[in-house]
Each structure stands twice: as C-alpha cells, then as structure tokens.
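**Student:** Listed below are the residues making up each chain.
2 protein chains.
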Amino acid sequence: TTVRVATAAELDAAIAGAGPGTEIVMADGEWSDVRIRLVGTGTAEAPITLRAETPGGVVVRGASDLWLAGEHLVVDGLHFRDGAAPGDAVIQFAVSDDSLANHSRVTNCVIEGYNQPQRDQTDLWVRFRGRHNQLDRCYLAGKSNRGPTIRVDLEGTPSAFNYHRITNNHFGPRPPKGGPSAETLQIGDSSTSMSPSHTLVEDNLFDRCDGEVEVISSKSNFNEFRGNVFYHSEGSLVTRHGAYVTVDGNVFIGDGANPYFGGVRLIGTGHRVTNNYFFGLRGEEFRAPLALMNGIYRSSINRYFQVTDVTVAHNTWVDTESPWQIGVGSNVDQAEVLPPSEIRDQPPVRTLFANNVLYNSEGDGTPILRVDSIDGIEFRSNVIDNQGVPFEGVEGLVERDLTMTEVVDDVWVAMDGVAAVPVHHGFEFDQIDRDLFGQPRGEQNAVGATNGTAPEAVDLFDPSRYGPAWFRPGAEADGPGQTHAVRTPDELARAVAEAGEGDVIELAGGAYEIVTPLAIDQEVTVRAADPGDRPVIRYAGGAGTPAFEMNPGGHLRLANVVLHGGAETLAFAPLRSGMSSLYTLEVEDAEISGFDAVLRAYKHSFADLVRLERVRVRDVANGLELAAEDDDRGDYNAERVVVLDSRFETVGSNVIDYYRGGYDESTVGGTLVVRGTTVTGSGADDADDVLLGTYGIINVDLSGNTFRDNEVERVAVLWGAKNNTHADNTVERSGEIVVEQNLPQRLVY
Amino acid sequence: TTVRVATAAELDAAIAGAGPGTEIVMADGEWSDVRIRLVGTGTAEAPITLRAETPGGVVVRGASDLWLAGEHLVVDGLHFRDGAAPGDAVIQFAVSDDSLANHSRVTNCVIEGYNQPQRDQTDLWVRFRGRHNQLDRCYLAGKSNRGPTIRVDLEGTPSAFNYHRITNNHFGPRPPKGGPSAETLQIGDSSTSMSPSHTLVEDNLFDRCDGEVEVISSKSNFNEFRGNVFYHSEGSLVTRHGAYVTVDGNVFIGDGANPYFGGVRLIGTGHRVTNNYFFGLRGEEFRAPLALMNGIYRSSINRYFQVTDVTVAHNTWVDTESPWQIGVGSNVDQAEVLPPSEIRDQPPVRTLFANNVLYNSEGDGTPILRVDSIDGIEFRSNVIDNQGVPFEGVEGLVERDLTMTEVVDDVWVAMDGVAAVPVHHGFEFDQIDRDLFGQPRGEQNAVGATNGTAPEAVDLFDPSRYGPAWFRPGAEADGPGQTHAVRTPDELARAVAEAGEGDVIELAGGAYEIVTPLAIDQEVTVRAADPGDRPVIRYAGGAGTPAFEMNPGGHLRLANVVLHGGAETLAFAPLRSGMSSLYTLEVEDAEISGFDAVLRAYKHSFADLVRLERVRVRDVANGLELAAEDDDRGDYNAERVVVLDSRFETVGSNVIDYYRGGYDESTVGGTLVVRGTTVTGSGADDADDVLLGTYGIINVDLSGNTFRDNEVERVAVLWGAKNNTHADNTVERSGEIVVEQNLPQRLVY
Ligand SMILES: [Ca+2]
Ligand SMILES: [Ca+2]
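Chains A and B are the protein sequences, given in the same order. When we follow my numbering, the leftmost residue of the first sequence carries the number 8, and every step to the right adds one. When we follow my numbering, the leftmost residue of the second sequence carries the number 8, and every step to the right adds one.
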C-alpha cells in the first residue's frame with residue numbers, strides 16, 4: 008500500500024499504520040522542523056519505505072531529523088539543508104537506547120551544511136546503531152561543527168557484529184575544523200574497541216574531506232575498507248583502535264604539493280593493506296602515505312597499541328615522498344615531559360611488506376623512513392624505481408626500471424619491469440585473488456596493485472558511481488562573480504550586503520567613513536579600482552565592533568586600501584558567537600592603523616587562512632589575536648596564519664598571538680609563516696613579553712624577518728620537538744628567539 | 008602404508024618418508040630420551056599417523072618430547088611418564104616459529120607427572136600453535152612446576168582464528184603450586200588478547216585441578232567452553248583477557264566446605280554464561296561461584312577491562328554461598344598505596360542476568376554480594392528459593408518455593424516452582440536453544456539450567472567420557488598401607504626406606520639415635536606403638552641436615568614422639584634443590600627440641616600443608632621458617648600452615664616466619680592459622696623483632712593464643728585489607744598485635 012503524506016501529522020499517522028510493504032510518500036516541497044520517527048517492522052521482501060515524491064523533491068530543513076527503529080526500513084530521496092539537528096544526530100538508526108533499527112537502509116539522500124550554529128556544539132549527521140544497516144548513494148558535505156560526519160556506535164551487544172554497509176556515497180568537502188573530532192567516519196570508540204564490528208565501507212568517494220587528521224577513524228575490529236577513492240583529503244584512513252581491519256583496493260590521490268593529504272596510518276594488530284594505490288602524497292608522520300606507528304608498552308585501551316601481525320602487500324605508490332614511514336609517533340625523546348604510559352617506544356613486529364611497487368619520477372632519498380627500528384618487518388619481493396637516486400634499502404626491496412602507464416588521471420600502473428620480479432606467496436595470500444581493478448590474480452599476476460595487465464575501463468572518478476543520481480554537487484554555485492564599482496560609503500555598504508559569491512567590489516579613490524560593520528558571509532573581494540589611488544576606509548563604529556565582520560563561510564580579499572579605525576574598534580573580527588563554519592581573511596598591499604586590534608578571534612571561531620601580504624600595520628593596540636581557545640582541549644583559532652613582506656610598527660601588544668592548548672599528538676595543525684617582515688617599536692604592553700606568541704602551534708616558520716627595537720624579552724619561544732624553525736632573522740634590541748625542545752603540555756584525552 | 012619402528016632412528020626415517028596415509032607404528036616398550044619431530048603433510052582423508060603398537064603400550068620417558076609441524080598429522084596412544092621435557096613443551100604443535108602444525112590431532116595419550124626437577128623451572132605439557140589442531144581423549148595429571156599444563160599461543164597471524172578443539176580429556180589432579188602460572192589451560196596472553204582465537208574446550212573433566220586461582224585463563228576472543236565438568240578444583244574459569252567468550256553447559260562441583268573451589272570469574276566484554284550448574288561452592292571474591300570483576304578506567308592491556316555487555320542466563324546455583332559477587336576486586340580504598348592505573352573502580356555495565364535459578368537448602372543472607380554498584384546490571388525473571396531467609400533483593404529476582412530433584416550426584420534440577428515464572432526473552436536468547444543436558448528449549452522451556460523436565464540419563468561423571476579408554480587414573484596406586492613395627496634405629500631407617508604408599512611405622516618406646524636423614528618421598532606415618540610410651544628420636548646428623556628430609560610428594564604424619572636434635576641440625580626440611588612437587592608435614596602430640604630449626608623451607612620448595620597439633624617446641628634456635636621465596640614474584644613456601652593447641656618455649660627467632668612477596672591480586676593464597684597456642688620466652692634473637700612473621704600472607708587467623716614474656720616489639724603485623732584477623736589472644740610483655748590496613752607491595756606483573 009502507498010500512502011501519500013503532506014504534513015508531519017499525516018506522516019506520523021502513516022508510520023503508525025505501516026506494515027510490511029507499506030510505502031509512505033512525502034509530498035515534494037519544504038518540510039520544516041519535522042522530527043521523523045520511522046518506527047516499524049517490515050520484512051526483507053516487503054520493507055517499509057519512506058520516500059520523497061520526487062527524489063530530492065523533499066527538502067527537510069530547520070530543526071529536523073530522521074530516526075529509525077525496527078526492522079527492514081528504507082528511506083529514499085530526502086534532502087537535508089538549511090537547518091541543523093535538534094538532537095544528537097540528523098539521521099540515527101535508533102530512536103532510543105532500547106529501540107534500534109536493524110536491516111534498514113537510507114539511500115539516495117543529501118545532507119548539506121546542516122550545521123549547529125557554533126563549531127564546539129557537537130552532533131553527528133548519521134549515527135549507526137543496531138545491525139545490518141546501510142547508507143548508500145548519499146551525498147554529505149560541509150559539516151563544520153564538532154563531531155564526526157558519520158559514527159558507527161558499538162555500545163551494547165545489539166550493535167556488535169553490525170555488518171553495516173556504507174557504500175557508493177559521495178562525501179563532499181568537509182572544511183578543516185581546527186582541532187579534534189571532525190572525522191568523516193568513525194567506527195566505534197576506544198571503550199568499545201574490543202567489540203567485533205564488521206562494518207563494510209566500499210566504493211565511496213571522499214572528496215576533499217579535510218576536517219581533521221583522520222578522514223576515517225576505525226576504532227573496532229574486522230572493519231573493511233574497499234574500493235574507496237580518497238581525493239585531495241587532508242587526512243588519513245587510520246586503524247586507530249581495534250584489530251584485523253582490511254584496507255583493500257583503495258585509491259589515495261594527492262597533488263604532489265599539499266603536505267596535509269594523507270594515506271593509511273596503522274596502529275594495532277592483524278591489519279591487511281592490499282591492492283591500494285597512492286599518488287602524489289607529501290605528508291609526513293601522522294599524514295604519511297603509509298604510517299606504521301610505534302606503540303606504547305602495555306598500552307591503555309585509549310592509547311597506542313603496538314603494530315603486530317600486519318600484512319602490506321600488492322600496493323603501489325607513485326610519486327609519494329617517503330611512502331613507508333615506520334615507527335611514526337616515536338617519542339622516546341620526550342620522556343622528560345610525558346608519563347611512561349605515553350611513551351611510544353614499541354616498533355612494529357611480525358609485519359610483512361611484500362609485492363609492493365614504489366615508483367618515483369624524481370628519486371626519493373628516503374623511501375623507507377626509519378623513525379624507529381624496522382627489524383620487526385620482513386620485506387619480500389618489493390620493487391622500486393627510484394631513478395637511480397641512492398637510499399638506504401633493505402633486503403626484499405629491489406631496484407628495477409619500471410614503465411608506468413596512466414590508465415586514468417593520476418593513476419599509473421606498472422607494466423614493464425615488474426614481470427621479472429617473482430611474486431612472493433605469503434600466509435593467506437591466496438585471499439588476494441583480485442587486483443585494484445578487480446582483475447583476477449591467478450596465472451597472470453604481478454607485484455604492485457595490479458596484476459600486470461592494463462585494466463579495460465577505469466571508472467574510479469566517474470561521478471555516477473557516487474551519491475544520488477538526482478544530485479549534482481556544486482550545481483547550485485553561481486558562475487564567476489561580478490564586479491561592482493562604488494564611490495560612496497553607502498554604495499560600499501550596499502554592495503557588500505548585496506554581493507553574490509565571488510563578486511568583486513572596486514572602490515574609487517577617496518575616503519569612506521563607515522559606522523556599521525561590513526558583514527562578509529561569502530567570497531568577496533574589496534579593492535581599489537586603481538591600485539595607484541588607494542581608497543581610505545575610516546571605521547567609526549561602536550566600541551568593540553569590527554570594520555569587517557567575518558561571518559560563517561565569509562572569505563574577504565582586501566587589497567590596495569588604507570584602513571583606519573578608532574582605538575576601541577577592530578579592523579576584522581568574526582562573530583562573537585554563532586560561527587557555524589570557518590572564514591578566510593586575505594589582505595594585500597594595505598595599510599591598517601588606529602584600531603584596538605587588527606584581528607580579534609573569539610572562542611569557537613575558526614579561520615582557514617589569515618594572510619597578510621605587503622601590509623603595513625601601525626599604531627594599533629593589538630595585532631593578530633588568535634588565542635581565544637583557552638580550554639586546552641586541542642582546539643585553536645586558525646589553521647594557517649601567513650604574514651609576508653609586511654611591517655608592524657608601534658603595535659602595543661600581541662603583534663601575533665596564536666595559541667593551541669592541550670597535548671594531543673594527533674592534532675598536527677596550526678601553521679604560522681612569517682617571512683620578509685619587519686616588526687619595530689612593538690610589544691611594549693605585551694603581558695607575556697613575547698612579540699610573536701606561538702604556544703602549542705605545530706608548524707612555525709620565522710625566516711628573513713627583522714625585529715628591531717621591540718620592548719620584549721623574547722621575539723618568540725619555539726617548540727623544538729615539533730616543526731618549528733627560524734632562519735635568517737635580524738634581531739636587534741628585541742630580546743631573542745628561544746627554542747625549547749619540549750613544552751610542558753596538558754593532556755587532552 | 009604402515010611402517011613399524013622400534014628405534015628413534017627408524018622413527019626419524021619413517022617420518023622422513025611419510026606421505027598421505029602413512030601409518031607409523033611405534034613398538035611397545037619404553038622409549039627414552041626421544042625427541043619426536045613429526046613433520047609432514049597429510050590430507051584430511053589420508054593423514055599421517057603416528058601411533059603406539061598397543062594404545063598405552065609405548066611409554067615415552069626421560070628427556071623426551073613430541074613436536075609436530077605440517078598438515079593433517081595424528082598421534083595416538085603414547086604414554087609420557089618418568090621424565091621431563093628437554094625443551095619448552097612436551098607436546099607442541101610447531102617445531103619452530105616458522106614451522107607450525109595445522110589440522111593435526113593428538114589423541115588417546117597420557118602425560119603423568121612429567122615434571123621439571125624444580126617448581127620454578129617453566130615449561131608446558133601441550134603448546135598449541137597454528138590452526139585447527141586438536142587434543143582429545145587424553146589424560147594429563149600431576150604437573151607441579153611452573154607453567155600452564157596447556158597453553159594456546161596466538162602470536163602471529165598463522166595462529167589466530169585457530170579453532171583448536173580440546174575435547175573429552177581428563178585433566179587429573181594438579182597440586183597447588185603456591186604462586187602464579189599454574190593454570191590447567193591458558194588461551195592466549197595479554198599481548199595477543201586482541202586476536203581472534205575461537206578455541207573450543209568441550210566435554211572435558213577438570214578433576215581436582217588446583218594449581219592456582221585460575222583453572223582456565225581465557226586471554227583471547229571468541230573462545231567457547233561447553234559441557235565441561237569442574238570437580239573439586241581450587242580455581243575458576245576466568246575470562247582474564249579478550250572478549251566474547253561463551254561459557255555454556257558447564258558444571259562446577261564443590262563440597263560445601265572448601266572455600267578454594269571456584270566457579271566463573273568474568274572480566275571484559277560480551278561474554279555469555281548460559282546453562283551452567285554450580286553446586287556446593289563456598290569461594291569468595293576471586294573464587295566466587297560467579298564473580299563479575301570491577302575494571303580499571305581505560306585499563307592497560309594487561310590489567311582489568313570493565314565488564315560490559317555480558318549475558319548471564321539460564322544458570323542454576325545450588326547451595327552456593329553468595330553465588331553472585333558483583334564488583335569483585337574493587338580496591339578504591341587502596342588508592343593510597345596503588346597507582347591510579349591499578350584502581351579497579353569501574354563496576355559492570357550493560358549486563359543482563361535473566362532466567363537464573365538460585366536454590367539454598369539453608370538460606371543465604373547475601374545471594375547478591377554487592378562489592379560495588381549493581382546499577383549497571385539488569386535482572387529479569389530470576390528465581391530464588393532462600394528458605395525465607397531475608398536478603399537484599401533486586402527487581403527481577405523473585406522468591407519461590409522450589410522443588411529440587413537430584414539427577415546425578417550433586418546435580419539438582421528445579422522441577423516444581425519454576426514453571427510459573429515466565430522465561431525472559433532477551434537479545435539473542437533464541438541461540439540458547441538447548442539446556443544443560445542438551446534437551447531442546449522450545450515450547451518446553453523454563454528458567455534455570457534445564458528446560459523444566461528431567462533428563463533421561465546423565466553421564467556427566469561417567470569416566471568413559473573422558474580421557475583414553477586404555478587408561479584408568481589411579482589404577483597403579485596401592486591399596487591401604489601396611490603397618491610395620493620397629494624397635495631399633497636401623498629398623499626405623501630401613502622401614503622408612505622400604506615403606507610403601509600409606510604405610511604406618513610404629514615405634515616401640517625407647518631411644519632411637521639417627522645420624523642419616525630419614526627421606527620421606529610418599530605418604531608415611533611414623534608414630535608410637537603405644538601413645539603412652541613415647542619413643543625418643545635423637546638426631547645427630549651433619550650440620551644443616553634434617554632428621555626428616557621431605558622429598559617431592561612426601562607426606563609425613565608424625566605422632567606421639569619426642570624429637571631432639573643438635574644445634575646445627577634441623578627437625579624437618581625439604582631438599583635444597585630438586586623439589587619438583589610439593590610435600591606435606593603433619594605432626595601431632597610431639598615434642599621437638601634442640602634443633603637449629605623445626606622446619607627450614609628452601610627456595611622453590613612448597614608445602615601443601617604444615618600442621619602442628621599439640622606439639623611442644625622448646626629450646627630451638629628457630630621455629631617454622633617458610634620465607635625462602637624472596638624474589639617478590641608472588642611465590643611462597645606453603646599453602647597452609649596450621650598450629651593448634653601447641654607451645655613454643657625459648658625459640659630464639661622465627662617462631663613462625665611465613666612470607667609471600669610481590670603484589671598480584673590474583674594470588675589469593677597463603678593461609679596461617681594459629682589457635683590455642685602459647686608462645687613464651689621467644690623471639691629474643693629475631694631480626695625483625697616480630698614473633699610471627701606473616702608478611703604478604705592473605706589469610707591469617709590468630710585466635711585464642713597466649714603470648715607471654717617474648718622479647719619482641721610486635722607479636723604480628725597483620726594486613727587489614729586482606730583476610731587477616733585476630734581475636735581472644737592474651738598478650739603480656741610481648742609487644743602487640745598490629746593491623747596495617749594497606750601494606751606497601753611490589754607489583755609482580
Ligand atoms: Ca580523531
Ligand atoms: Ca594465572
């Protein structure tokens with residue numbers, strides 16, 4: 008029976024009356040603030056179905072969610088946007104702890120930007136519980152608040168042995184969150200990591216899933232990751248907890264430059280990494296193309312188990328830097344500042360690398376990066392073409408001239424040169440009976456991710472394989488922006504308010520007195536019409552307000568302007584609350600003066616990038632303040648802060664104050680680059696007596712700068728154990744640059 | 008093809024030539040110092056078989072072992088005795104780390120007393136590696152040295168998912184070892200406890216398997232324990248590490264008195280305890296009839312995981328004391344002396360008790376012993392007949408009058424009274440489709456271990472179910488001992504040397520001067536022919552030698568004698584080395600004087616019982632010295648020391664010195680009982696200034712004694728946190744009895 012419903016009340020009534028074979032059709036249109044509780048008992052042959060009248064025709068918005076409980080339920084074709092979950096999850100395979108869904112499926116749905124108003128507010132978009140549930144052909148993109156996009160929960164026996172299936176989905180861009188708990192997928196957690204899971208994640212596209220250092224965090228046993236594409240995603244597939252995970256036939260694509268794109272990171276026992284392909288990855292340590300971590304001796308359940316009994320076989324790495332990083336996370340040298348239960352000193356053991364291919368079109372000095380001993384690893388029948396560049400090898404990794412063929416963009420397979428290398432036959436290698444492209448490994452077999460023959464058609468990047476057929480990601484984006492010329496303050500205010508995505512606002516020369524903040528909530532460029540005739544924007548708004556108010560998703564490019572403000576106002580600031588997503592601020596060829604602060608970040612705000620290039624800052628009380636996350640839980644206010652060829656003069660304090668508190672080794676972020684910049688006469692009022700505050704920031708590069716006549720004790724205190732460097736700086740009457748190897752840190756977890 | 012072999016060389020040659028279907032027959036007789044390496048590849052249909060000409064006709068002795076590697080091997084009918092393994096294991100399913108056995112079987116074999124010469128020397132009798140191996144119809148008894156009788160090793164993927172079968176074996180008596188590492192069966196260890204195991208242990212008889220506190224230590228995942236009988240065994244079946252263990256249809260039989268007989272002790276996640284029967288158990292804490300332990304928050308892998316997601320259903324407890332002990336091992340009150348990572352403060356959660364039956368012919372005040380919170384446990388449809396004795400109940404445990412029927416010795420099933428209690432149907436309870444006796448649970452079902460009907464024939468204790476058909480345990484023991492009358496020292500020496508098991512030697516009155524130690528290597532009674540005319544044994548042997556030398560297996564009952572020795576000699580002592588098994592010393596109605604020490608225990612010696620009753624000790628330098636295990640690894644020199652109605656006069660030091668060092672909460676042993684005894688004029692030379700040294704002994708009972716005029720600071724220092732008590736003692740000019748709640752301890756593990 009088919010029941011058409013047009014209101015929430017009708018929907019509830021239809022559900023209450025549903026039985027095996029009932030099809031409930033939601034009328035096309037917007038459904039607002041609707042809490043769907045699909046509870047019922049269908050059968051395998053006759054499920055209970057809830058579907059949109061037209062796939063995608065039903066937009067669910069506002070404070071809405073969809074929770075399921077019972078058996079054999081199907082949801083098809085809903086589109087969640089313009090809202091946020093009123094509870095813990097948008098879609099949940101349970102309505103309560105006692106009422107779970109089993110054998111149920113959500114297909115052909117979209118969740119877009121369905122975010123809580125602030126990034127510290129935690130929720131999930133899809134929460135699996137029960138057993139044998141499925142999410143397929145869905146598109147999920149843009150989650151910016153705390154919490155994994157999808158989480159599989161294993162608590163309670165009815166959710167163990169779950170055999171869930173997550174297949175053929177398109178996971179669209181997830182912006183960096185700046186701190187932990189922003190995985191695209193998490194399966195289990197440390198406290199349930201002894202439970203058998205058996206979740207299958209197959210044939211999904213992970214498309215620019217940044218979020219945090221883990222795209223996928225597998226925290227339970229027997230999960231399988233097969234045939235997925237990880238495309239330009241700033242994180243790794245990580246076997247964080249749990250054992251016996253299969254990583255087979257996946258593709259990891261980088262761009263040869265971005266060091267944030269990761270591969271596979273292994274912790275624990277019994278994993279099998281086979282038939283995978285890695286391209287153009289430049290990540291180090293936690294984001295290595297393949298990282299085998301060091302474990303902790305007798306680790307507690309929420310820390311790092313030793314890598315044991317792992318098989319890495321029949322994979323291919325092409326143009327990746329130090330593809331095999333062994334003993335990652337070793338921190339023996341931090342024994343002074345960490346308790347013994349934190350010391351990762353147990354390198355991998357009982358581990359086999361066999362039949363892998365490494366190809367570098369430019370030779371790599373350290374294809375095997377030994378962070379700790381590799382004695383516990385056996386190498387058999389691995390091949391490298393390193394263009395003759397010398398490296399420290401091992402027995403079982405032989406050099407050959409290989410001929411690579413590109414079978415689809417960025418995917419190169421080894422054709423000539425591998426046939427002569429005998430394939431090692433290890434324990435259970437008979438189970439590796441297909442290659443990356445599904446071709447049989449029988450008589451015809453070879454080292455590397457393919458069986459030595461060219462596949463016929465490669466549809467890895469075919470969009471029709473992923474997500475709903477009815478939905479084209481990015482289809483709603485406008486074309487290139489338009490340019491608007493303005494001459495008066497009113498015109499400027501109106502242009503900013505009415506601008507479309509990507510628009511350019513060009514200011515004629517002259518003065519613009521502004522008293523109300525200019526709100527930036529999309530990508531907008533504000534610049535001089537004539538770079539030689541810089542307009543002067545004078546901000547005379549209320550105390551504590553900014554000239555440019557950065558809203559969620561706002562991206563301001565400001566160029567060739569002079570920006571002056573009153574001593575109680577700010578040049579730039581995000582919202583004080585409600586920063587549901589990140590913002591970006593880029594300023595070039597500008598002059599900023601008079602303000603209380605150039606940029607003041609508030610708690611829970613997050614900038615993807617703050618970039619000042621050829622900017623002169625003078626006579627302001629404060630510079631770039633990015634230190635409002637003071638909970639010491641690993642969060643921070645900006646992913647990248649870049650200051651190039653600029654000048655800071657007479658900045659009272661906080662020339663730069665950039666802070667990340669709380670020790671969590673898996674947070675690898677925070678990047679500060681200051682180059683070619685001069686700071687003078689500044690810091691006299693600084694409470695910390697430090698010119699550039701960088702506490703807890705992992706990547707710091709201070710080079711080619713001049714620090715002169717600054718009344719501070721220290722220019723900066725760098726963290727030697729992390730990626731903090733300084734070079735070629737001129738320091739005069741400004742204290743000094745100090746490097747401390749180990750900074751005392753508060754543990755996050 | 009069948010090949011008969013009569014020498015080790017012929018055997019090696021036959022193995023070298025063996026292929027599918029080969030049957031190698033070992034000639035009947037004694038094979039000494041033979042290291043059998045059965046390496047070959049058979050098939051499922053045509054295995055390679057190595058068998059005794061006549062089952063049991065081949066005795067393998069001396070420094071012999073049997074190691075297997077390859078596929079489909081069978082060993083049948085060997086008898087190991089009178090020797091010890093020259094390597095790590097008597098029988099091993101591997102010949103090296105790289106060469107394991109699979110699909111192989113050892114059947115119909117016996118290993119008896121095949122012990123290393125000293126208890127600290129470690130070995131195994133059967134070591135499983137590889138996959139799909141089987142031990143069945145074997146009899147193993149009398150292991151007394153360190154190391155589990157059988158261990159299943161999971162190290163390395165080829166030994167994971169092992170599906171071994173241990174079935175229909177008879178595990179005969181294993182004496183207490185006095186310290187850890189004396190399990191009858193251990194499966195995995197903490198470092199491999201994340202590996203899937205799937206070992207099946209079915210239909211075995213565990214007959215007086217004492218050893219240590221764990222009869223079975225399950226340390227891996229998915230093991231199954233089904234249909235086993237645990238008879239008068241001083242330990243428990245313990246899910247020490249690993250998850251998802253099945254304990255179904257087992258029987259645990261106590262005697263209503265011995266508090267060492269245990270049941271099931273649970274740690275960790277996902278276990279199912281169903282259809283089991285418990286009778287006459289009196290154990291507490293670690294040896295409780297059912298113990299659910301407290302866990303450690305974020306435990307390290309070798310400590311205590313929290314109990315979660317456990318099901319306890321359809322079990323029956325009859326005449327057990329406090330059958331359900333919840334939160335066992337809670338040690339919150341020891342936070343002062345233990346590090347936080349040792350504090351077991353996490354009580355069980357997400358745990359279900361359903362359809363269980365408790366019957367007490369005398370009511371029990373605490374059928375549910377709450378060591379910690381039971382809020383995380385759900386109780387449904389449990390029934391108790393407590394004879395109206397009040398107790399603190401829970402919802403889900405109802406009182407009913409039950410009628411119990413004894414279907415075989417000690418096995419009572421509930422017939423009337425249970426039918427009225429509806430059976431709770433919990434998650435996956437449809438898998439509980441048989442009862443304890445294999446009867447179907449369908450239409451006919453009931454709470455408790457049976458389906459509510461009486462089984463037809465119960466063969467639980469039928470000896471033909473267990474062990475080899477050709478072997479009858481204990482068949483070689485002699486009948487009751489004979490009595491020998493002696494009148495002279497020579498007759499005494501000869502009678503002791505020639506005595507048979509259980510013999511009694513009766514001494515006429517008069518003096519017996521002895522210069523050579525009397526070696527006791529079996530059960531022998533030495534007593535006055537006429538209790539009214541006590542013979543006087545004067546020992547004048549060499550310095551440091553004992554009048555009675557306790558050998559492995561020796562059991563001396565000495566009664567109604569006067570024993571006097573020189574100041575450099577000992578009344579009793581074990582061997583200085585080579586104590587491969589324990590000894591027992593019982594002295595009644597005797598007088599002992601003059602010696603350097605009454606009893607001097609050496610390192611690695613172990614007494615099951617030292618009992619003095621109505622004994623007068625005087626003018627000796629030392630009393631009972633049981634403090635030679637000074638490694639602080641949990642070992643100790645005697646299980647029970649009992650002194651009743653005795654007198655100690657002018658004992659220079661160590662009236663009693665009884666020591667167990669090293670904190671390992673799972674060692675529950677050491678028992679000292681001193682009652683009705685007087686100590687005077689003693690302790691003046693005591694180095695510790697303590698009259699009775701009891702450091703680290705778990706059970707101490709000092710009551711009704713008199714301590715007078717002893718030059719010591721303290722009579723004893725008792726351990727308040729353990730089972731140490733004192734009452735009704737008279738203490739005059741002897742220091743005092745001190746109770747310290749928490750003794751500082753060195754961690755063993
Ligand atoms: Ca994470
Ligand atoms: Ca043990």
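Everything labelled a hint here was simulated from the structure, so no lab data went into it. We put the beta carbon where it would ideally sit given N, CA and C, even for glycine. Keep in mind that the hints are not guaranteed to be accurate.
[To be verified] Calculated Cβ distances over 10 angstroms to all of chain B for the following chain A residues: (1) Ser106; (2) Thr164; (3) Met201; (4) Arg441.
[Said to hold, decoys possible] Here are some, though not all, of the chain B residues that point toward chain A, as calculated from beta-carbon distances under 8 angstroms: (5) Met201; (6) Ser202; (7) Tyr251; (8) Ser306; (9) Ile308; (10) His431; (11) Phe434; (12) Ala464; (13) Gly601; (14) Arg715.
**Student:** Of all the hints numbered above, which does this structure not satisfy? Sort the numbers upward.
**Tutor:** 2, 3, 10, 12, 13, 14
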